[in-house]
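Chemist: The lines below spell out each chain.
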Amino acid sequence: MTEVNSALGHHFTDLAQQREANTLGMWAFLATEVLFFGGLFAAYLVYRSAYPEVFAAGSEHLKMALGAINTGVLLTSSLTVALAVHAATQRARNRLLLFMALTVVLGLLFLGIKGFEYYQEYQENLVPTINFTWEGNNASQAMLFFVLYFFMTLLHALHMIIGISVLLVMIFWAWRGWYEEDDMPVERFGLYWHFVDIVWVFLFPLLYLIGR
Amino acid sequence: MAVTTPTLHLRESYLGISHTAKSWLLTTDHKRIGLLYFVTITLFFFIGGVAATMMRLELLTPAGDLLLAEGYNKLFTMHGTIMVWFFLVPSIPTTLGNFLVPLMLGARDMAFPRLNLASWYVLIFGSLFSVGSLVVGGVDTGWTFYTPYSTTYSNSYVIAMAVGIMITGFSSIFTAINIIITTHKLRAPGLTWFRLPLFIWSLYATSLIIVLATPVLAVTLLLVAAERTLGIGIFDPALGGDPLLFQHLFWFYSHPAVYIMILPGMGVVSELITCFARKPPFGYKFIAFSSLAIAIFGFLVWGHHMFVSGQSVYAGLVFSLLSFMVAIPSAIKVFNWTATLHKGSISWQTPMLYALGFIGLFTIGGLTGLFVATLPIDVQVHDTYFVVAHFHYIMVGGMVMAYLGGIHFWWPKITGRLYPEGWGKAAAILIFIGFNFTFFPQFLLGYNGMPRRIHEYPPEYQVLNVFSTAGASILAAGYLLPLFYLAWSTRYGEIAGDNPWGATGLEWQTSSPPPKENFVEVPVVHNDPYRYELTGEIDPHATVTVDDLRKSHPPNIPTHHATAHKEGRDD
Amino acid sequence: MHLSTEANGDQRQNTQTHGSPQTYLVVYVALMGLLLLTVFASSWGLGATWGLVVALSIAVTKALLVILYFMHVRGSSRVTWLFVAAGFVWLAILLGLVIVDYLTRSWFGA
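Protein chains in written order, with our numbering: chain U, -18 to 193; chain V, 51 to 621; chain H, 1435 to 1544.
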C-alpha cells in the first residue's frame, strides 16, 4: 500500500479525522474540569450570598495588586502557548521550544507570586485551621471565605503544576523532534493550558474584587 | 443456505493471537480490555453480594444477634459503595460497551485505545483504596456519606474510601470520553446517526452523564476529606457551613448516576427485544431521543432525595415536578418495547427471558419511583424499605438482568461458543423468582414503617423479612449458576457461528470471536438497522457464515469495500 | 490512500482554522485591556451587586476571547461548539438549582 503518515493511528482513516477526534476528546475532558471546579463555585455562590459583608471584608485582605499581576502573567502565558502551537503547526522547532520555555517561565512566575501571597497570608494569620485569627464577629464565616480562597486557588495551582510538569516533558520531546511529524499533542496541551487560565480569569474577580 | 460445521477461528481471533500475560495486561485492544473489566467487576459483584448475604442473614431475626450495629452499618456501606461504584456504574459500559462499541460502529478500535487501558488501571488503583478501607476496618456512613456524620463523627475509614471512589471516577470519565468521541468520529461509511443501534444511543447518553456529573462527585469527596482532616467548616453549621450543601453536591452526581446505571441496560433491552421478536423497534427515533432526554432531565431532579432533609418546600415542589417529568422518556421506552413485541415472532431464548423480566420489573420499579417522587408519600416512606425496594427493582430487577441478558446474547460473539441454553433458562427463571421473593416483601415492609439501615427491628416485621432472606438465597443460587456454566462453555460449549441469533448489527457481520482488527475490510452501511423482515427464524445451531448471508440477503449485509471514508462521519 | 501530502494539506487547513500570530497579539492586547478595566472598575464604588455584574461580564468576555481565538473554537465544527457549551450549561444547571433551595429557605441574611 502507499505510505501513510506514521502519526496516524491504525484505527483512523486520515489525519483530519484523528485531529478532530483529539480536539473533541480534549474538550470533553475540559467539560469535566468545568464541573470539577464548578462544585467549588457552587459552594462559593451559596456562602457568598449568605455572608456578603464578611466575604467582602475577607476579600480586602487579599493582595489585589499581586492577583492582578498574576492574571496578567497567565494571560501572557496563554499568548505564548498559542504562539507555541502555531510554531508547531509550522514545524518551526526553535520557535516552538522558545515559546514553550517562555510559558514555563511565566507559569513558574505565577506560582512564585502565588506562593508569596500564601506566605504573606500565613504571616497575617489568615490560614484556616492553622493560624486563622479574625478581629470582630463572624470569625467562622470569614474563615469560610478563606477556606474557599485557599481551596480554589490551591486546586488551580495544582492544575498549573501539572501543566508545567507536562510542558517540561514536552519541551524535551520537542527538542528531540517528536512534534515534527505530529503537532497534535501541542495543540491538545494548549487547550488544557488555556482552560486553566480561564479558571483563574474567574477566580480573580470572585476572590479578590468582592465589593470593593 | 449452506450448513457447515463451524470451525473455531480461535487462533486468528483477538483471543488466540497471543497468550502472554503481557499481551493481556498491556493490550490496547478494546475487546481484551472489555474482558479485563468483565473479570474485575464480576469479582466486585460477588464482594458486594457477600455483604448483602450477611445483611439478609442478620435480618432473619428481629434481634441484632449476628452482628453489632456498627458491623451492620459497615456492611450496608460496603454493599452500597461496591455495588454502585465498582459494579453497576462500570458494568455495561466497560464490558459490553468496550467490546461492542467499535464493532457496532464498524470501527477498528476505540478513538483512544491507550486511554482505554489506562481507565482499567485507574479502576484497579482506585479499588485498592476503597476495598482497602473495607479490609482495614470498614466505613459506616452508608454509601451516601452524609455530613456531618461522615465529616465529624464517624470513626471509620471514610477518607480512604472517598479517595478510592474519586480515583475510580476518573476511570469512568475516560471510558465515557472514548465512547463519545468514537461515536462521533469513527462510524463506518454510511452509518449515520439514525442508523445507529439503540445500544449505541444509550451508551452515548450514559457517557454524557458520566462526563458532566462525575467531576462534581470528585470535588465533593475532596471537600469531605478536607473537612474531616482539617475541620474547614464547609459543611459544619457551627462554623457557618451547611450540611445540606453536601447533599446538593452529592446528589447532583448521584441522581444522574442512577441513569448512568440503567441507561446501558435499556440499550441492551432494545437490542434483545428486536432480535427475539424479529421486528424493528417501534418508534426508533423516540427510543433514541428518550435516552438523551433521560440524560438531560436526570440532571434536574436530584432534590427528590432531599425532600425531608431541610431543603425548602419550594425547591421540593420544583424537584418533585421535574421528577414526574423524567419518568416520561422511560415510559416511552417501555411502551415502545411492548409495541415492538406486539405481532412479533417471539423466541424464548435466555436473553429474551432477561429482557422480558427487565421490562416487567423495571416498570414496577419505575412506577414506585413516582410514588416516592410524590412529596407527601415520600415524607412517609423516605428512609424505609419502600425506597430500598424501589431502587433494587430498577437496579437488580432491571439493570442486572439486562446485564446478564446482554452477556448471554453476545457471549457467542465474545467467546465463539454458545452457552448451554437449558442452564441459561434455568438461571434466568431462578433469578426472576428469587428476585421477586427478595424485594417485593420490602415494599410492604417499608410501607408499614420498617426503616432501612437497621440491623434489629420490631418482631411484627419478621415474617416478611424471612421471606425476603429466603428469596435472597434463591437469587444467590441463580447468580452462581452463570458463573459456572459460562466458564464451562468457554472450553466445552458448542461452537457458535458468526451470527447464531441471525441478528442485525455490524458486530454480527464479522467472525465469532472477531479478529483483532475487528473486520477484514471496513464495512460500508447502506441500510437502516433492524431489518429483521429480511432475516429468518432464529436457530443458533445452524451455521451461517457471512458469505452465506451475503448471498441470501444482499440488502441487509454491508458490502465490504474500503471506499471513500468521508461519508457517515458528518456529525 | 493519502500520502505525506496529507500533512501539508493539514497544515494549510490548520492556519485557516487556527489563528495567525497577528490575531493572537490583538486578542492579547484586548485581554490585558480588559484586565485593567476590571481592576479600575473595582474602585468605582459600584457596590456589591453591580460590582459583581461588571466583574463577571468582563471575565466572561475574557473567557470568550480565549476560547474563540486562543483555543481555535472560532471556525471549528458545530460539534466542537456543542462540547464547549455543554460544560458551561451544566454548570449553570448546578448553580441555578442549588440557589433555588437557598433562596427559598430563610438561610440568607442569617
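Errors might be hidden in some of the hints.
As the list claims (entries may be wrong) - On the chain U side, residues computed to face chain V include the following (Cβ under 7 angstroms):
1. Gly20
2. Val108
3. Thr110
4. Phe113
5. Thr114
These are computed hints drawn from the structure, not numbers from a lab. All values derive from a computational prediction rather than experimental measurement. Cβ coordinates follow ideal geometry from the N, Cα and C atoms, glycine included.
Chemist: Okay, which hints does this one fail, numbers in order?
Modeler: 2, 4 and 5
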